[in-house]
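Student: These protein sequence lines map, in sequence, to chains A and B.
Just so you know, we're using the numbering used here here: the first sequence kicks off at 1 and counts up by one.
Just so you know, we're using the numbering used here here: the second sequence kicks off at 218 and counts up by one.
Careful: at least some of the hints might be erroneous.
[Said to hold, decoys possible] Distance condition first, Cα-Cα at most 35 Å in a straight line; then the derived DSBU-like pairs of lysine-lysine:
hint : chain 1 : residue 1 : chain 2 : residue 2
1    : B       : Lys-235   : A       : Lys-79
2    : B       : Lys-305   : B       : Lys-235
3    : B       : Lys-282   : A       : Lys-61
4    : B       : Lys-235   : A       : Lys-82
5    : A       : Lys-58    : B       : Lys-305
Hints listed in this document are in silico derivations from the structure and should not be mistaken for laboratory results.
Quantities reported herein were computed from a predicted structural model and do not represent experimental measurements.
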Amino acid sequence: MTCEEFELAGLDLETMQEDDPVLNAAREHLRSCTRCAALHENWQTLRADLQAVGAETKEAKAPLRVEMRLRQEFRTRQKTVKARRAAVYAGWTLAAAAVVVAAVSWAHWRHEYGKGSTPSAVNSAQNVNMNKTTPAGPELGEAIVAANDAGEFTLLPGSFPGMLEDATVVRVQMQRGALSALGLTVNEERAADLIQVDLLVGDDGQPQALRLPQTTN
Amino acid sequence: MHIEAQERDDVLLRRSAKGDEEAFTELYRRHQAPLFRFALRMSGNVWAAEEIVQDVFMILIREPKKFDPERGALRSFLYGITRNRVMKHLERAPRELLHEELVEDAIGQRGKAFEAMTPAEWAEVRERREQVRAAVLKLPVEFREAVVLCGLEELSYDEAARLLDCPVGTIRSRLHRGRALLLAKLEMLRDTPKRAGASR
Numbered sequence: 001m002t003c004e005e006f007e008l009a010g011l012d013l014e015t016m017q018e019d020d021p022v023l024n025a026a027r028e029h030l031r032s033c034t035r036c037a038a039l040h041e042n043w044q045t046l047r048a049d050l051q052a053v054g055a056e057t058k059e060a061k062a063p064l065r066v067e068m069r070l071r072q073e074f075r076t077r078q079k080t081v082k083a084r085r086a087a088v089y090a091g092w093t094l095a096a097a098a099v100v101v102a103a104v105s106w107a108h109w110r111h112e113y114g115k116g117s118t119p120s121a122v123n124s125a126q127n128v129n130m131n132k133t134t135p136a137g138p139e140l141g142e143a144i145v146a147a148n149d150a151g152e153f154t155l156l157p158g159s160f161p162g163m164l165e166d167a168t169v170v171r172v173q174m175q176r177g178a179l180s181a182l183g184l185t186v187n188e189e190r191a192a193d194l195i196q197v198d199l200l201v202g203d204d205g206q207p208q209a210l211r212l213p214q215t216t217n
Numbered sequence: 218m219h220i221e222a223q224e225r226d227d228v229l230l231r232r233s234a235k236g237d238e239e240a241f242t243e244l245y246r247r248h249q250a251p252l253f254r255f256a257l258r259m260s261g262n263v264w265a266a267e268e269i270v271q272d273v274f275m276i277l278i279r280e281p282k283k284f285d286p287e288r289g290a291l292r293s294f295l296y297g298i299t300r301n302r303v304m305k306h307l308e309r310a311p312r313e314l315l316h317e318e319l320v321e322d323a324i325g326q327r328g329k330a331f332e333a334m335t336p337a338e339w340a341e342v343r344e345r346r347e348q349v350r351a352a353v354l355k356l357p358v359e360f361r362e363a364v365v366l367c368g369l370e371e372l373s374y375d376e377a378a379r380l381l382d383c384p385v386g387t388i389r390s391r392l393h394r395g396r397a398l399l400l401a402k403l404e405m406l407r408d409t410p411k412r413a414g415a416s417r
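Isolated chain B, as found in the complex:
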């Protein structure tokens, strides 16, 4: 069965519920990447993110009627489930750093930007990013969500508010607090090598 690129999510979901595999696949391909990134950036764990995305779409397979188009977009619905799964994961699992292989892959794809750097500069950039990632993962969950969506995924406040089902003002204040905490954390980290460099 042919699927129009602009076919609405709820239409695809109805077809999927009736057994149309192509419609389900289209839905999956449309939404999996942002959900995976959100889960990955919130959990810092590739395997957990993979499992969370799989769980989310399993729900779509098993209980498609849980989604009510009257209450919002499918994207928000899927983000809601993803958030719940992430919370459960964070409750039972210790925080883990982003899987190195994935980061290596990502950096490898952007190799040209690093070509001009010396190995020392490159190592410094990597270390700095590692610090930022670690600092984000140590934020309280509600601030982390805001930072992940607005800072890393670069969504607007409105979009983030829709996905998290909360007022825009809440997003702004959480983002403000999150950035302040991040700055405090990174300033502390930055001071250490500076002082070490100065002593040399």
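For reference, chain A alone in the conformation it holds in the complex:
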């Protein structure tokens, strides 16, 4: 073994097995080389020194306060995480509740709106009693209760819109000239024509408004 080989292998001599050929060669070299023998002695001294220094702090460990601080941090963190999770759950629950409420409100509004669209055309005569309609065809001077399709009545002179709320629609057949008695202007040439007229009769039995159904025009 040369001095260079010894330097390379020398560090591990203490950990080598007794029957290791490198160990035997190194021992042989140590007997013949004083330089390497001195080097080896220095290594052994250094090794012992390092072991002694290592042994001084062999039992060293972090103080208990570090563990306490870490456990405190752990607990705080867990609380924070739980609180954050609870907040997230609460947020989602609220959001879901808001969506449900909105959906129900919308459905309700749609339902109401659907019902409300039919009576939207109700005018002042919406409370007219439809059950009074007479199925038989009208004859001269005979009064019938007409179906109320509302909205086209013309107020007679002296009537007020407010008086029409509880009025009843009555269909009568009459001479056109009779309209002049209600204060309306009549074409003299056709005064003798028979026409059908829907009269809106108030609570007091007085006609408040009239309309001419399409067929009579």
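Given the coordinates of chain A, work out where chain B should sit on it, guided by the hints.
Tutor: This is chain B only, laid out in the frame that chain A set:
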């Protein structure tokens, strides 16, 4: 919750991540001492070592998912973080000698070994160890790591290589260079008192 002594680290870490404080405490107690010693021997400062260990486990509390069991053992992971923290500490702080109180405590615990010594011998031993500690702290970091792990902590080359995540050959060469530097340093120091003694 009961913890088995041989419960695997990754299992404990999973439980810890789910809020099991006992699992976290077990992990801490299992690993803190070698990490503390490594940080202490690398930095030479008790307070820094304490802070480094605390930081390392804070990461385990805050970001447990950073550890991937597929990539290695938790011990290596923790050593890796400790190394990084030590490097940062060494970059910003001047080297400091080992805290005297700790050394006094350690020597005090081993008082019986020193009972047979005369005060002069005892002082000489202390001085010699102080020189070795100082010389280790003055080694370049990569050599110091190898000396601390293999020389002071007495780990095998394989273990040291796993912890430092490098080949065994690298550890051997770093250790070789580290010891050579230490010897050179200590020989210089040793020569001074010898010469002083000879002159008397």
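Student: Does each hint fit the structure? Answer for all of them.
Tutor: Okay, the hints, checked on the actual structure:
no., hint, verdict
1, Lys-235/B with Lys-79/A, "12 Å, holds"
2, Lys-305/B with Lys-235/B, "31 Å, holds"
3, Lys-282/B with Lys-61/A, "26 Å, holds"
4, Lys-235/B with Lys-82/A, "11 Å, holds"
5, Lys-58/A with Lys-305/B, "24 Å, holds"
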